[in-house]
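Trainee: Model the placement of chain B on the given structure of chain A, informed by the hints.
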Amino acid sequence: MSVVIEQPNQPRSRKNAQWEKRAWIFMRISGAVLLVMILGHLMVNLVLPERGVKSIDFAFVAGKWADPFWQVYDGIMLWLALIHGTNGMRTLVNDYAEREWVRKTLNIALWSVAAILLILGTLVITTFDPCIDPDVENYLPGVCKP
Amino acid sequence: MARRPAGTLYRGKIGMWSWVLHRITGVGIYFFLLVHIMDTALVRVSPEAYNSVMAVYKTPIVGVAEIGLVAAILFHGFNGIRVILIDFWSKGSKYQNLMFWIVLGIFVVLMAAWVPRQLMHTFGA
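First to last, the protein sequences are chains A and B. When you line the first sequence up against our numbering, it's residues 497 to 642, in that order. When you line the second sequence up against our numbering, it's residues 38 to 162, in that order.
FYI, nobody ran anything at the bench for these hints, they're computed from the structure. Owing to the predicted nature of the structure, the values given are computational and were not obtained by experimental measurement. Heads up, the beta-carbon is just placed ideally off N, CA and C, and yes, glycines get one too. It cannot be assumed that every hint is accurate.
[Claimed, not checked] Not close to chain B: a few residues of chain A, all C-beta gaps over 12 Å, as computed:
(1) Q503
(2) R510
(3) A513
(4) Q514
(5) W515
(6) E516
(7) P564
(8) V568
(9) V598
(10) T601
[Said to hold, decoys possible] Restricting the straight-line Cα-Cα distance to at most 27 Å, the calculated cross-link-like pairs of lysine-lysine (DSS-like) are:
(11) A/K511 with A/K600
(12) A/K517 with B/K128
(13) A/K517 with B/K131
(14) A/K560 with B/K95
(15) A/K550 with B/K95
[What the hints assert, rightly or not] Partner residues aside, some chain B positions facing chain A, computed with beta carbon under 10 Å:
(16) A86
(17) M91
(18) V99
(19) I121
(20) K131
(21) F144
(22) L147
Isolated chain A (complex conformation):
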């Protein structure tokens, strides 16, 4: 199989170059923000609770998302992390997928998964209902039933 290599002296289209530059800048800005946010996320969910990972259940999430701060925090983290991760995977696909149709298919798959999970995650955070279950008293004593 022969690989077609672009003319090295042929500049990318202006639009394409702009897009790649913005993606490159996004990776650095989002990466720095994500490091801080994820360390905070791990701290609050895994380190500070007395029983560590064993503290996490529905009531724990409901307790956090009762505060809009954590809804916004988790929403920002969702968008930054998934776009950062998807763009990183795109870089790998572009590096290692040699056949054009494989590369295109994988990239379409990556961005489709990202779109679906961004919509799903955003809906879950914004429409979260701590009283979703009629027996929710078991999980959140005194919050759901008057």
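Mentor: For chain B alone, coordinates are given in the frame of chain A:
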């Protein structure tokens, strides 16, 4: 085969291996992120559904795997800061080697502080 050029950041030695590790940890974190968004989405299904998937996180196997996840995140995150400094700091590429060892130092300190706790929670009462 021609000899490889020495001193190129992404060929051979620490520059290359940190780059390889950055990619591998990135892929691992990416796939965990997909799973993590979906497991968290279960809070919208029912408390039972969410609690049952969280029970999996509390098993010894996943508890130990989580150490690998946090290790990947810490390396990827702090090495990412190193990458940013190489890109934007005028002396970044001069000190990239030293910065790698600083990244590793931060990694070791944070892991040493957290891993015993995680093991106690995972295997303790």
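Trainee: Now tell me, hint by hint, if it's right for this structure.
Mentor: Right, here's what the structure says about each hint:
{"no.": "1", "hint": "Q503", "result": "23 Å, holds"}
{"no.": "2", "hint": "R510", "result": "22 Å, holds"}
{"no.": "3", "hint": "A513", "result": "17 Å, holds"}
{"no.": "4", "hint": "Q514", "result": "18 Å, holds"}
{"no.": "5", "hint": "W515", "result": "18 Å, holds"}
{"no.": "6", "hint": "E516", "result": "14 Å, holds"}
{"no.": "7", "hint": "P564", "result": "16 Å, holds"}
{"no.": "8", "hint": "V568", "result": "16 Å, holds"}
{"no.": "9", "hint": "V598", "result": "17 Å, holds"}
{"no.": "10", "hint": "T601", "result": "18 Å, holds"}
{"no.": "11", "hint": "A/K511 with A/K600", "result": "19 Å, holds"}
{"no.": "12", "hint": "A/K517 with B/K128", "result": "22 Å, holds"}
{"no.": "13", "hint": "A/K517 with B/K131", "result": "24 Å, holds"}
{"no.": "14", "hint": "A/K560 with B/K95", "result": "20 Å, holds"}
{"no.": "15", "hint": "A/K550 with B/K95", "result": "6 Å, holds"}
{"no.": "16", "hint": "A86", "result": "9 Å, holds"}
{"no.": "17", "hint": "M91", "result": "6 Å, holds"}
{"no.": "18", "hint": "V99", "result": "9 Å, holds"}
{"no.": "19", "hint": "I121", "result": "5 Å, holds"}
{"no.": "20", "hint": "K131", "result": "19 Å, violated"}
{"no.": "21", "hint": "F144", "result": "12 Å, violated"}
{"no.": "22", "hint": "L147", "result": "9 Å, holds"}
In the structure shown, a violation is registered for the earlier hints numbered 20 and 21, in ascending order.
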